[in-house]
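K.L.:
Hints are included, so try docking the two chains, each in its own frame, into the full complex.
Residue numbers (the numbering used here), protein chains in the order written: chain A, 1 to 122; chain B, 1 to 110.
Check before you lean on any hint, since a few could be wrong.
No more than 20 Å apart at the CA atoms, straight line, and that leaves these computed lysine-lysine pairs for PhoX-like [claimed, not checked]:
1) A/K43 - B/K46
2) A/K43 - B/K106
3) B/K46 - B/K106
Facing chain B, according to a computed beta carbon distance under 10 Å, are these residues of chain A, among others [said to hold, decoys possible]:
4) E1
5) K43
6) V48
7) Y59
8) F60
9) A61
10) V88
11) E89
12) N111
The hints are simulated quantities; they were obtained by calculation from the structure and are not laboratory data.
Glycine included, every Cβ here is placed at the ideal spot set by N, Cα and C.
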Amino acid sequence: EVQLLESGGGLVQPGGSLRLSCAASGFTFIGHAMNWVRQAPGKGLEWVSSISGTGAGTYFADSVKGRFTISRDNSKNTLFLQMNSLRVEDTAVYYCARDQGTSGRPHYFDNWGQGTLVTVSS
Amino acid sequence: QSVLTQPPSVSAAPGQKVTISCSGSSSNIAYNYVSWYQHLPGAAPKLLIYDSNKRPSGIPDRFSGSQSGTSATLGITGLQTGDEADYYCGTWDSSLSAGVFGGGTKLTVL
Chain A
1 EVQLLESGGG LVQPGGSLRL SCAASGFTFI GHAMNWVRQA PGKGLEWVSS
51 ISGTGAGTYF ADSVKGRFTI SRDNSKNTLF LQMNSLRVED TAVYYCARDQ
101 GTSGRPHYFD NWGQGTLVTV SS
Chain B
1 QSVLTQPPSV SAAPGQKVTI SCSGSSSNIA YNYVSWYQHL PGAAPKLLIY
51 DSNKRPSGIP DRFSGSQSGT SATLGITGLQ TGDEADYYCG TWDSSLSAGV
101 FGGGTKLTVL
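Isolated chain B (complex conformation) (with noise of 0.2 Å):
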């Protein structure tokens, strides 16, 4: 049972918009930055997005990140099948003083 809760999938059609959400609590997401991961099977996982928002130079711009309250969303816009991958959430969780991840979620790319 993660820290962090994500929809185990979410599927959307090419060139298509997703949105993936994350759910924590008032000892993680409520008072800490969160991260967004992609991780392609035999591949490192790769940043997507910091601080809530912010993205690595390399990132293109379809992918967005948004945080409020106890919850934050990870949104990819002009879907490829190229993005097919699990995505993860991440922060820092006061209570456990250790970091989290969610679940992780599978992109599919009809």
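The shape of chain A in the complex, shown without the other chains (with noise of 0.2 Å):
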């Protein structure tokens, strides 16, 4: 069975940074790409970033680009995503996501973990 736990969220404020973690069992965690999606409070579903199975390829929203950075332990089968220079409107859900492919560029995404939230606050 596919699971996908992710930690790391908290209160933080403006300005500073924070690294969530997506720890994945049950599958062959190197065959996919891997996304991270939020969701501000009453809002919609927003693509954040994604990153290939090796690692060699990622893509990011603007809205975050310069500031985020998506990697991955394939030894370790967990996915991070470092976010630096925190913003008020990067609060959140953040959710790890199993893409279908492995190129890095997001097809479509058939496994997802409960989420951890995110707060920007001071």
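P.N.:
Put into structure tokens, the structure is as follows:
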């Protein structure tokens, strides 16, 4: 059974940093690109970033480009999202989602975690 | 403002059929497959349709998808109260080099 478990969320001040993790199990991790998708309070889903199976290719939404970094440790089946220069508008539930493809360019997301809440507030 | 446009809400009676539209452009839906997701409050989003019209195992055939030109449609027949949720379309946008979602449609089963 595919399982994705996010962690690392919490309260952070504007301008601060946070690192999210997503522990994956139940599948061959390197065989799938991975994504982060977020949902701000009262808003819809927003794709944030993706990374290829090998980690060589990454993509970012314009709203986080230059501030967020995505990475993965295939030896530990773990996906990361390093979030710097956080803004109030980054407040959201962040979901880790498995992509059916391997290239990093988002195709479709066939498994999702339960999400971790990030609150950016002073 | 989402790149893909969905109606904010739709509603229908139990047992009836509903369709949810997703309108895009030549940089996204016209040349890339659309997927659809169901999102219940407090739960993880769930894949309903991928590659325009394919259903993952376990998704009943009450759910269907279609895609033509710059638009896509999700259809749900035999509506049940358990279908009440938010529904999102998603695809790749070649101009933005980014994944994109619609703004979401809230389905109410009256």
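K.L.:
Tell me the numbers of any earlier hints that the structure contravenes, in ascending order.
P.N.:
Structure breaks hints 4, 10, 11.
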